[in-house]
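S.K.: What follows is the residue order along each chain.
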Amino acid sequence: MGLGTAGMRFEAPETLDAAVTLLHGEAGLARPLAGGTDLLVQLRAGAVEPDLIVDLKRIPEMRQIAAVDGGFRIGAAVTGAELGEHPDLKKAWPGVVEATELIGSTQIQGRASLGGNLCNASPAADSVPAMIAAAAAVTVAGPDGRREVPVEEFIAGPGQTCLAKGEIVVAVNLPPRPDHAGDAYLRFIPRTEMDIAVVGAGVSLTLDDGGLCTHARVALGAVAATPILVPAAADALIGTNGDEDALTRMAEAASAACRPIDDKRGTKAYRIKVAGVMARRAAEIALERARSC
Amino acid sequence: MSRQVSATINGDAVDFLCEPEETLLDVLRDRLALTGSKEGCGSGDCGACSVMLDGRLVCSCLVLGAEAEGRVIETIEGMADGKGLHPLQRHFLEQAALQCGNCTPGFLVAAKALLDRDPEPSETEVRYWLAGNLCRCTGYDKIVRAVLSAAAEMREA
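Protein chains in written order, with this note's numbering: chain B, 1 to 293; chain R, 1001 to 1157.
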């Protein structure tokens, strides 16, 4: 019976300060718990043997989606299912919501969170390229107060983040959405559902009244040790109306930025090729969305 | 370090003791004798342990028992009305949507969660919704047909 972690303690504080104090004060290994869809699997596998689990879901700030200054502040423990049920968020940032909804099954969606997907720090995490493309930043709380970290700077390596002891991600902040802006995320998997990305591509862009691209961000997942921002791919779009030539150059720049590994899901050469294809298709969807709003 | 947890399970107030390392599935099966929820993979891939937690479909193997404090849980044991089977249960039986039966409670709980929010899902919607429930016997077609016909009957009721 159980996860094989006898002696582990469990706390479910109701304030952020209490959670930080518990995590920072733990002499042994402490792990925060949001949806648990990665953590409990790691516990059962013996990959991590914490002395203390701190459930963050009873902290109101971690569980709320708030419209803030034209953007959104999404509590780190808000579930994928809850994102998908928020019409305003879905309208403003469809790519971020779709990316999160791709994670796992209906059951996983009922628990898995945006903050957890980020902190698990998988190179193939679906929500992360979409958040990077969206220029999202996370609010981190710790013993020394709060700080903001751009999502593209958060993951340090596979399974590694920039969090210091006692620090937790409180919220993901999505910026205000201008007119004629759109985002999209696509991933390639060899099945239709329930798989891990071979390549993921997120694109967010803004057009002017004449349809010229004034701002763009392109991010890729599963093609390097961390999800990556690809400024050269964005530069290929900026100043264009998203024509064939611009999309081709964007795809080439995306492929050129890849530093993938060979593994059971795909070879290096395959990932490099597919990254360009997925980035291009995501850009086409983002352009379509930007033109229609 | 056992802790006492109070939750509502299938409409009843329930108190139980559990260790921090016990999952909600462990608690249901081993402490509360609610053995309808099955352990298949123990890693959230198969859906055999599906339950409702505060109105959300979840894998109970990926929830700690201690997390259940104050929560509302519904399991397969609460699905039938006394001896009267839920239409989903009846259609699963009538259409032979099971063989070994180990995945069946999870499929039923998951399918009910779908029909509670969408009484008229398409076949595609049923298949995607149930993608987190694995069945190694039936090939899924009979399960999907049973869900669709139960939904049709429930809409007429």
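Derived by calculation from the structure, the hints in this document are not laboratory data. Watch out, some of these pointers could steer you wrong.
Here are some of the chain R residues that sit facing chain B, going by a computed Cβ distance under 8 Å [what the hints assert, rightly or not]:
hint: 1; residue: A1013
hint: 2; residue: D1015
hint: 3; residue: L1017
hint: 4; residue: D1026
hint: 5; residue: G1040
hint: 6; residue: G1042
hint: 7; residue: V1063
hint: 8; residue: P1119
hint: 9; residue: A1131
All C-beta atoms, glycine included, are put in the ideal place defined by N, C-alpha and C.
S.K.: Does the nearest C-beta of chain B fall within a distance shorter than 8 Å of the C-beta of R/G1040?
M.R.: 12 Å, violated
S.K.: Is the shortest C-beta separation between R/D1026 and chain B less than 8 Å?
M.R.: 5 Å, holds
S.K.: Does the nearest C-beta of chain B fall within a distance shorter than 8 Å of the C-beta of R/G1042?
M.R.: Status holds, d = 6 Å.
S.K.: With a cut-off of 8 Å on the beta carbons, see whether R/A1013 makes it to chain B.
M.R.: With a minimum Cβ separation of about 19 Å from chain B (threshold 8 Å), the hint on R/A1013 is violated.
S.K.: Let's test the interface hint: is any C-beta of chain B closer than 8 Å to that of R/L1017?
M.R.: 13 Å, violated
S.K.: At a threshold of 8 Å, is the proposed contact between R/D1015 and chain B supported by beta-carbon distances?
M.R.: Not OK, violated: R/D1015 not within 8 Å of chain B, min 17 Å.
S.K.: Do the numbers back the hint for R/V1063, that is, is its least Cβ distance to chain B under 8 Å?
M.R.: Holds - the Cβ of R/V1063 comes within 8 Å of chain B, reaching about 7 Å at its closest.
S.K.: Does R/A1131 hold up as a contact with chain B if the rule is Cβ-Cβ below 8 Å?
M.R.: 4 Å, holds
S.K.: Restraint: R/P1119 near chain B, CB-CB cut 8 Å. Satisfied or not?
M.R.: Given a least distance of 17 Å, the restraint on R/P1119 is violated.
Going down the numbered hints, you'll see the structure goes against 1, 2, 3, 5 and 8, while the others check out.
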